[in-house]
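Asker: Chains A and B are the protein sequences, given in the same order. Residue numbers for the first sequence, in full-length UniProt numbering: 1 to 252. Residue numbers for the second sequence, in full-length UniProt numbering: 1 to 628.
Derived from the structure by calculation, the hints contain no laboratory data. Please note that the accuracy of each hint is not assured.
[Stated by the list, open to error] The following label-pair restraints were derived from C-beta to C-beta distances:
(1) B:Arg306 <-> A:Gln109: 20 to 30 Å
(2) A:Glu229 <-> B:Ser354: 49 to 59 Å
(3) A:Thr42 <-> B:Gly343: 56 to 66 Å
(4) A:Ile234 <-> B:Thr112: 50 to 60 Å
(5) B:Arg306 <-> A:Arg8: 57 to 67 Å
(6) B:Ser332 <-> A:Glu113: 50 to 60 Å
(7) A:Leu187 <-> B:Lys294: 32 to 42 Å
(8) A:Tyr108 <-> B:Asp295: 35 to 45 Å
(9) A:Gln109 <-> B:Asn300: 38 to 48 Å
(10) B:Thr112 <-> A:Tyr108: 49 to 59 Å
(11) B:Gly527 <-> A:Tyr108: 36 to 46 Å
(12) A:Arg8 <-> B:Gly502: 31 to 41 Å
We treat Cβ as the ideally placed atom computed from N, Cα and C, and that holds for glycine.
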Amino acid sequence: MARKINLRIWRGDSTNGGLQDVQVEANEGEVVLDVIHRVQATQMGDLAVRWNCKAGKCGSCSMEINGKPRLACMTQVAAYGEDETITVTPLRAFPVIKDLVTDVSFNYQKAMEIPAYAPPADLKPGEARMEQVDVERSQEFRKCIECFLCQNTCHVIRDHEENKKSFAGPRFFIRIAELDMHPLDILKNRKRTAQEEHGLGMCNITKCCTEVCPEHIKITDNAIIPMKERVVDIKYDPARMFSGLLKREKRN
Amino acid sequence: MTNALERHKYDVLVIGAGGAGLRAAVEARESGLRVAIICKSLFGKAHTVMAEGGAAASMGNANSNDNWKVHFRDTMRGGKFLNHFRMAELHAKESPDRIWELEMWGALFDRTKEGKISQRNFGGHEYPRLAHVGDRTGLELIRTMQQKIVALQQADKREHGDYESHIKVFAELTITEILKENGKIAGAYGYWRESGSEVLFEAPAVIIATGGVGKTFKITSNSWEGTGDGHALALKAGANLVDMEFLQFHPTGMVWPPSVRGILVTESVRGEGGILTNNKGERFMFKYIPDVFKDKYADNEAEADRWYEDQDNNRRPPELLPRDEVARAINSEVKAGRGTEHGGVFLDVSKRLSAEVIKKRLPSMWHQFYELAGVDITKEPMEVGPTCHYVMGGVEVEPDTAAAVGVPGLFAAGEVAGGMHGSNRLGGNSLSDLLVFGRRAGMGAAAYVKQTTATPVSDANVAAAAARIEAPFARSGGENSYSLHAELQEVTHNLVGIIRTGAELKDAIEKIAEIRKRSANVAVAGGRKFNPGFHLAFDLDNMLLVAESTAKSAIGREESRGGHTRDDFPGMDSGWRQYNHISSFDGTQVSVRKQALPFMPKDLFDLFEVDELKKYMTPEEIAKGGSN
């Protein structure tokens with residue numbers, strides 16, 4: 001049941017590049033990554049593409065397919081029309097290294113800037129007790145496979161290189177939310193630092209990140225919005241502001 | 001090239017950033033050493049993320065009768081008593097601590113009603129024993145350790161002003177050579193995948209944690225990374241591989257559509273009550289319970305079904321036999337013409353569990369089938385068949401330190417190490433293995449580094465390693481690495497697969513040698529920058545050595561045991577149980593010899609009923625009653 005399809009692949013590096021058209025065979029049930037591999041094995045031996053598990057679990061084969069951020073291993077060729085050209089391009093928010101491979105080191109840098117899990121000092125191994133309902137909130141965010149599609153699609157940084165310095169992005173907002181909701185984490189002010197150091201306030205909840213998440217994590221509804229609401233409570237709560245003033249007066 | 005060569009000096013170099021490598025790196029760093037971690041992919045993408053079911057540890061949370069002795073017994077039985085007893089003992093004793101430790105680092109396992117870590121049933125384990133997070137346990141493990149490494153880097157930043165002062169991850173870098181000076185480890189050589197430029201690491205200790213060899217085979221659950229790099233690097237560095245004939249074909253890989261053939265369907269599906277049927281609707285596993293397991297597995301449906309509610313008074317369903325048994329059974333059903341349309345059997349969980357429970361306990365399986373095969377597993381059965389999943393064989397190591405036998409400064413842990421699982425690994429024992437022995441490799445390497453002096457790598461050694469990387473670019477019109485890889489996979493699939501014969505193995509050895517000869521003439525198109533054709537040329541070299549070692553070990557072992565089934569020698573032979581197969585490499589070819597298997601000491605021997613041991617051991621061994 002093989003048929004020929006038209007594939008348009010972006011090829012090049014950080015200095016220049018462009019779209020190239022190829023015809024390639026596609027078999028029943030194949031995903032876009034399969035046909036890219038076929039191109040690689042038969043026509044372009046040096047075509048660069050990242051992939052690992054080919055089962056939607058590692059988040060390596062992130063790219064843009066007909067302009068949409070997607071995992072190539074989870075995108076069926078059959079989802080496109082018989083005569084439709086499938087265009088594959090590298091993630092736009094990150095610098096191109098070669099062909100479909102981009103430099104995603106921004107994300108690993110941001111990961112280092114989020115303070116680690118902090119259990120109580122007297123907690124001993126094996127003694128942790130947590131209710132399933134309590135761990136489930138954080139477990140949702142720990143499903144993240146770090147494909148960085150949410151980072152790629154987020155308009156705060158997608159076309160605004162200048163914002164990258166002060167904006168951690170949706171992947172790391174769910175990391176902060178995960179730790180903040182972890183039943184045993186004792187580090188205070190995670191929400192406040194999300195706002196003050198990681199750019200939570202720059203997000204205007206358009207939910208683009210949630211839409212592209214292959215793990216269907218409700219990034220905006222379950223992580224970002226609850227944190228934004230709490231930040232408002234903490235930072236702009238009149239009672240707290242008043243008591244803060246009193247404390248300051250006392251200190252003075 | 002040498003003039004501009006990028007050079008790094010570390011105390012410990014860890015090759016591989018899956019569970020074992022990361023656990024080793026944490027341990028070495030916490031011993032005060034400077035550590036480099038080499039990742040072939042991006043950080044956090046290693047094949048450990050694919051582990052689904054869980055990590056086996058006898059915490060006793062689900063059944064308080066569980067303890068390390070029961071786990072030890074199950075592991076030895078699963079491996080058909082070919083396991084290195086000391087590794088199985090350390091593993092069973094230490095895995096609970098390793099799981100609790102992960103929890104201290106932020107892992108969030110599923111919970112019991114009392115708020116403890118929940119444990120699930122799995123093949124070959126007497127009690128519910130697998131700590132898990134739905135069916136994405138591997139992801140939780142790797143992310144937890146990735147985040148632990150970041151936590152260590154944050155501490156270094158506070159103390160030394162630099163995140164990467166004491167532990168640095170080199171992502172997308174491939175090691176092509178382990179370097180020795182005066183018979184001791186001195187470092188390693190490799191290239192950045194991104195740029196193709198070369199890197200020299202100088203380190204007195206190298207820990208190999210490169211995982212498996214699945215890509216040597218056509219149908220596999222492994223990603224492109226599973227090309228036996230560490231097995232080959234170790235062989236070339238003068239280490240031995242033990243028992244390379246033992247490969248685990250996981251009974252349940254996807255079979256349809258073709259593009260996903262081989263992708264894993266977690267054993268948890270059976271652990272949660274999934275049943276296997278053939279095209280006649282027959283629940284066939286009852287026909288395949290081997291004698292050694294007859295008293296532990298139900299021989300009728302009623303009892304098997306009752307077991308899910310009452311484990312104390314019923315025997316287990318035969319779907320939960322060790323993986324080698326289930327894989328062979330499925331293979332036989334399909335060969336006998338009782339398979340599905342696409343050459344598998346049916347695995348059905350929809351009849352026992354509600355849609356809601358299936359989506360909660362097996363969420364990624366539901367997605368995988370829905371999105372890749374158009375099958376809704378809450379309503380219909382899956383089609384499954386055996387897939388090459390895990391290599392039990394690997395680097396011969398000292399159990400306590402994970403030191404590679406014969407090469408001072410070299411260590412190995414995780415799937416790349418041999419001995420722990422004998423002839424067949426139980427599900428769930430891989431994640432606990434990599435935690436237990438990853439830590440021990442880190443400790444072993446740290447102790448070694450503290451009593452040795454680092455030797456600089458000589459220019460001649462560097463020049464030879466550099467020349468090897470350059471070679472495929474200098475050729476034109478040579479062989480294509482993609483086609484040679486496909487040819488190798490055909491040979492292993494057809495001749496060294498799940499059922500083997502002497503004649504086919506002989507044929508395989510010749511064909512592998514022939515492909516290896518041609519691979520010396522591989523030419524690479526394009527430049528050095530992120531060039532997969534170039535990368536595959538080196539992976540291919542490794543896979544060929546692994547395949548040679550496997551085929552040569554397999555032709556020697558004239559019996560069937562665990563992950564090695566000989567059609568011409570169908571029985572298990574207690575004489576053969578007394579031997580390991582040791583592969584070594586002389587620079588041109590792999591040779592295999594027999595070596596006596598270390599015998600259990602009396603205290604471990606006495607954990608078993610003599611009647612059970614009689615099924616595996618010779619009368620002389622039984623009479624000896626354990627070594628002292």
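Asker: Now, for every hint given, state plainly whether the structure supports it.
Answerer: We went through each hint and held it up to the structure:
1. In this structure the hint that Arg306 of chain B and Gln109 of chain A lie 20 to 30 Å apart at CB is violated, the actual value being about 55 Å.
2. Separated by about 34 Å at the C-beta atoms, Glu229 of chain A and Ser354 of chain B break the suggested range of 49 to 59 Å.
3. Under the hint 56 to 66 Å, the C-beta atoms of Thr42 of chain A and Gly343 of chain B, about 26 Å apart, miss the expected range.
4. Here the CB-CB span from Ile234 of chain A to Thr112 of chain B is close to 35 Å, at odds with the stated 50 to 60 Å.
5. Separation of Arg306 of chain B from Arg8 of chain A is about 59 Å and conforms to the stated range, judged on CB atoms against 57 to 67 Å.
6. Checking the proposed 50 to 60 Å range against Ser332 of chain B and Glu113 of chain A shows it holds: the Cβ atoms sit about 56 Å from each other.
7. Under the hint 32 to 42 Å, the C-beta atoms of Leu187 of chain A and Lys294 of chain B, about 55 Å apart, miss the expected range.
8. The supplied range of 35 to 45 Å is broken by Tyr108 of chain A and Asp295 of chain B, whose beta-carbon atoms lie about 53 Å from each other.
9. In this structure the hint that Gln109 of chain A and Asn300 of chain B lie 38 to 48 Å apart at CB is violated, the actual value being about 60 Å.
10. Range check, Thr112 of chain B to Tyr108 of chain A: about 35 Å between beta-carbon atoms, so the 49 to 59 Å window is missed.
11. Separation of Gly527 of chain B from Tyr108 of chain A is about 26 Å and departs from the stated range, judged on CB atoms against 36 to 46 Å.
12. Separated by about 52 Å at the C-beta atoms, Arg8 of chain A and Gly502 of chain B break the suggested range of 31 to 41 Å.
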